[in-house]
Structures are given as structure tokens and as C-alpha cells.
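*Asks:* Read off the chains here:
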Amino acid sequence: MTASQQYNERLERRRRKGLVFSVLLFLATTSGLVVLVTLIVDVVVQGAQWLDWEFLTRFPSRIPENAGIKSAIVGSLWMILLTAAISVPIGVASALYLEEYAPRGWLLKIIQININNLAGIPSVVYGILGLTLFVRFFALGRSLLAGALTMALLILPIIVISAQEALRAIPEGIRESAFALGATRRQVVWSHLLPMSAPSIMTGVILALSRAIGETAPLIMIGALTFIAFLPTSALDPFTVLPIQIFNWTARPQADFQGLAAAGIIILMVVLFLMNLSAILLRNYFEKYRAR
Amino acid sequence: METNERNGSPPAARGASEGAKVRVENLDFWYGANHVLRDVSLDIRANEVTAFIGPSGCGKSTLLRCLNRMNELIPDTRLEGRVLIDGRDMYRNADPVMVRRRIGMVFQKPNPFPKTIFENVIWGARVNGYKGDEAELVERCLRKAALWEEVKDRLHAQAYGLSGGQQQRLCIARTLAVAPDVVLMDEPASALDPIATAKLEETILQLKERYTIIIVTHNMQQAGRISDRTAFFYMGELIEADATEQLFTRPSRKRTEDYITGRFG
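Residue numbers (our numbering), protein chains in the order written: chain R, 1 to 292; chain X, 1 to 265.
Since the hints were derived computationally from the structure, they do not count as laboratory data. This one's a predicted model, so the numbers in the text were calculated from it and none came from an experiment. Among the clues, some could well be false.
Listed below are several chain X residues computed to face chain R (Cβ distance under 7 Å; list not exhaustive) [claimed, not checked]:
1. I74
2. P75
3. R78
4. L79
5. R101
6. M105
7. N111
8. G124
9. N128
10. L155
Below, simulated DMTMM-like cross-link-like pairs (lysine to aspartate or glutamate); rule was C-alpha separation at most 25 Å, straight line [stated by the list, open to error]:
11. R:K109 with X:E72
12. R:K109 with R:D52
13. X:K254 with X:E240
14. X:K109 with R:D256
To give a feel for the contact side, a few chain X residues facing chain R, derived at Cβ under 7 Å [unchecked claim]:
15. V36
16. R100
17. V127
18. V178
For every residue, glycine included, the Cβ atom is placed at its ideal position computed from N, Cα and C.
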């Protein structure tokens, strides 16, 4: 057998292996997708008949026909707005300090490791923290504010880390040339670093908030009520949110409530979708603003 | 900054450095434990182009960045010795922000801000509190940097749309806008093609009427073309500094001769 024949034979085998590999990758991709599609179809089939204007505008009720999700939608919106208002400024400020101001050294390393660890702590632990700290110690009660503070703690590490990465991605030449023009650090941060990193920070924030809107465990821990037949009028009112309302309905034996839960899931998914959409639009806007 | 302790007296009087715009005295510099500049003393005259040459890692860029205190932005560095401009100590009793405003810097890679041409030029002036006519300042600086004719119709277009050579001249214009009297250039032509380089060198020669220019270059022909004086560095030491013609034709040190004739480096 000549060397060339040997190579040809190997080439065949290499091609076959390559084909098998690409098929495996394709299957991996579709398996996730198939599960997701099944889930969506199942939920829509179950919940579609319950979805109407009444469902959106009514308060929860013991009678399935009268039950609505109004208080949960409003609660979730309050929750997200408050959480964002608390966590975004603190998170971005922390990232700025860690990346641009903090002196390099062992202390910074320890802080960094801790932030990375905090991002991986189970959310129920944050719930316990929130219960002790905000509900009891600061006596905020089972209020929106206590819930939002807890949620803000939960997503803070994610925001800090993504903002740090956004800042690190800015070329060193930008900082150097700005400093070389006699700018102070604050001027470099406000004129260049923040506008340039805003689109990526925004992405991180939206991902974090999307996680917060679907979180249930910490809010159950701090005692977000499920039967709320009124709308919160201030941050100190009791509240419920979409995932808790859904959780509550699924826990009931009657088939009608299963349908209501499915309808609730559809609403939650729509809210999530709208959030992500607005994130993309906002990000595009900022990118355009930066390019101008 | 331990040397030349002068009983805490204020910065040296002008007479101390007669004739020298920039005076470097017994400068030592460390990156961590790495001793990269050793006892460098050098006088740089006003309204001349001074070239720093030497093989990679000889410390010429580090010295340049010591002059406008850019090295302070790098963690874990240490400096001893003095840098005087017009006889004033740039380290003791001096604000680094003020120092960097007075001593402009153009970098190796063109690095305009992701803003318009106009904004690139005016930003530095604005952050330093410039309150005058912005359009006038931008035009004046772009003219000095020999870029005005090429960009006057698109001042509000993105700076990234310019060619590399234009971007580098924009960076020069941006530096001039904060009214420095010394301009440092760290291999400003290394990312440019020969035509853009020629244009840049022409610009530099025009600038020396008003500014004191210090340029780091790897290109000895370039040093020969544009500089009045040349300083040769090797392994963190200043080997020789002299009039460029003198240094290139009759170097007094063997090491300098070996380097400029291409025997090493």
C-alpha cells in the first residue's frame, strides 16, 4: 500500500468522524429546543381558554371562573422597577470602584472571589437573609420594599460581574489618552468609560432582572402573600408576584386551577419577552448614541 | 523620590536648569522588582525635536512615560530622581493632572475616542475648563496638525472613519487643544504606512516652532530626518545624547556606533 492510499483511507475515516460529531452537536441543540417547544405548546393548550381580558383585570378568587392575575402582574412590575432602582446604581458603582479605583492587592482579590461566590448562592438563602434583615430587623414587614431589597441582593453580584467585564473590554488606549490630556479619573469615567460600557452593562442588567422576575423561592421565604385582592399603593404594601401566584394555583387539586396556572405562565413568558425586547431596543439606542 | 532632599523647600528656581526645557536628574524607575531605568540624567532643549532611540526594552518608552507621570497609572511601580520642566519639579508639589495637561502625549497606536472628530479635539480642552470659542480652537488645532483641509467638511463625522495616518494626526490635534508646551510621542508612526509617516514627520517638523517635542522611535532614519538631538538608550541606561548629526556620524561611544550601524539591536 502506498503512502498516498493510506492517507486517502484515513481521510475517509476523518470525514466520517467529522460527520458523526456534527450530528451529535445538532442533536444536542435540538433536544433543548424540543423540550422548550413541548413546554410552550403544552402551556398554551392548557391555558389558552382561560386567557382573556377578565383574567388580566381581575383579582385572585376561590372560584376559578372569577380568578384573575391583576395583582400579581402589578406586583411583578413594582418588584422589577424597585429591584432595578436599587441594584443597578449600586452594582455599577461597585464595578467602577473595583475596576477603576481600588488599589490592586490581596484585599481586592478576596472581594472579587466573594462576589463570584455570591453569584452562585442558591436564591432561597437570600430569602432567609431577606427575612431576617429586611422583614424583621429593619421591620419593613412583608412589603414590596423588603422583597425588592432581597431581590436586589440576589442579582447584585450578577450586575457587578457583568459591569466589570464591560469595563474591562474597553481598550486601555482610551483611558491612557484621556488621562494624558489632563483629565481626572472622574472625567474619564463619565465621558468615556460609562458611555462605552453602557450597552454591555445594559445586557447584564436585563439578564439579571429577567432572573429576578422568575424567582419564587426568596419571596416565599420573606412571605409574599398569594391572595392579594388589592393593588399595592406604596412600596411598603404587601404584594404578590406572577411566579408565586402560579405556584399557588398549581398547588391546588382542581383541574381549573391548573389551567389558570398555565395562563399565568403564558403571561409571565410574555412579560419576560417584553423585557428582553425592551433591553435589545435600549441597547441598540445606546449603541447608536455612542456611535454618533 | 528619595534623592536630592532639599529640606522640603519649594520646587527649584528657574536658574537651576538654564537652557533646558525638560531636565531629568538621576532618574531610576522600577516595574515591581524590575529595574528598568538606571540613573538617567538628561537635558532637553526647548523648541527642538529630541529622539530617544535604542533596542526594544531599553527603557526609552518608560522614560517618556515618566515625564508626564503616565507610569503612575500602572500599579506597583516606583520612581526615584527628579523631572523638572522650566525648573519646576513635576513630581514633588505637583498635581499629575496639571503635569499631563502641560506635557501632551501621542501614543503608538492611533487611539481616537469613539466620538466625532470635533468632539475628539475639544474634549481635552473642555475637561480642563476651556470656555472660549470651541469651533475656533478645533480649527486651529486641526490646522496645526495638518488635518484641517482633509476633515473640515466632516467635523461631525465619526473619528473611526479616518485612515490610520489621519487618526494619528487627529490625536496630535487633540493633544494640542489642551495647550501643552511639551509633546511626547511614543513611536507615533509605527502603525502607519510610508506615505502617512512622511506626512506625520512633516507635521512634527512644523510643530517644533512652538512646542518642545520628544519622540521615541525604532526607526533610525526617522530619528535622523526629524530630530535635532538624539539620545541612545541601552539596558535602562542613557549611553549617549548629542546633536543628531554628531551622534549618527561620530558617536563617542562604541555601543552607540554598534547600534546605529546595525551591528546589534
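*Asks:* Please go over all the hints and tell whether each is borne out by the structure.
*Replies:* Verification of the supplied hints:
1. I74: X:I74 check fails; min Cβ-Cβ to chain R is 10 Å, beyond 7 Å.
2. P75: For X:P75, the interface hint holds, since the closest Cβ of chain R sits about 4 Å away, which is under 7 Å.
3. R78: The hint is violated - X:R78 has no Cβ within 7 Å of chain R, the shortest such distance being about 15 Å.
4. L79: Result: violated, 17 Å to nearest chain R Cβ.
5. R101: 3 Å, holds
6. M105: Since the shortest Cβ distance to chain R is 4 Å, the answer is holds.
7. N111: With Cβ-Cβ at 3 Å, under 7 Å, it holds.
8. G124: 3 Å, holds
9. N128: Holds: closest Cβ of chain R sits about 5 Å from X:N128, inside 7 Å.
10. L155: Nearest chain R Cβ about 13 Å off; hint violated.
11. R:K109 with X:E72: 21 Å, holds
12. R:K109 with R:D52: Cα-Cα ~53 Å, so violated.
13. X:K254 with X:E240: 10 Å, holds
14. X:K109 with R:D256: Violated: X:K109 and R:D256 sit about 67 Å apart, past 25 Å.
15. V36: This interface hint is violated because 18 Å lies over the 7 Å limit.
16. R100: Holds - the Cβ of X:R100 comes within 7 Å of chain R, reaching about 5 Å at its closest.
17. V127: Given a least distance of 5 Å, the restraint on X:V127 holds.
18. V178: Status holds, d = 5 Å.
Checked against the numbered hints given earlier, this structure breaks hints 1, 3, 4, 10, 12, 14 and 15; the rest are met.
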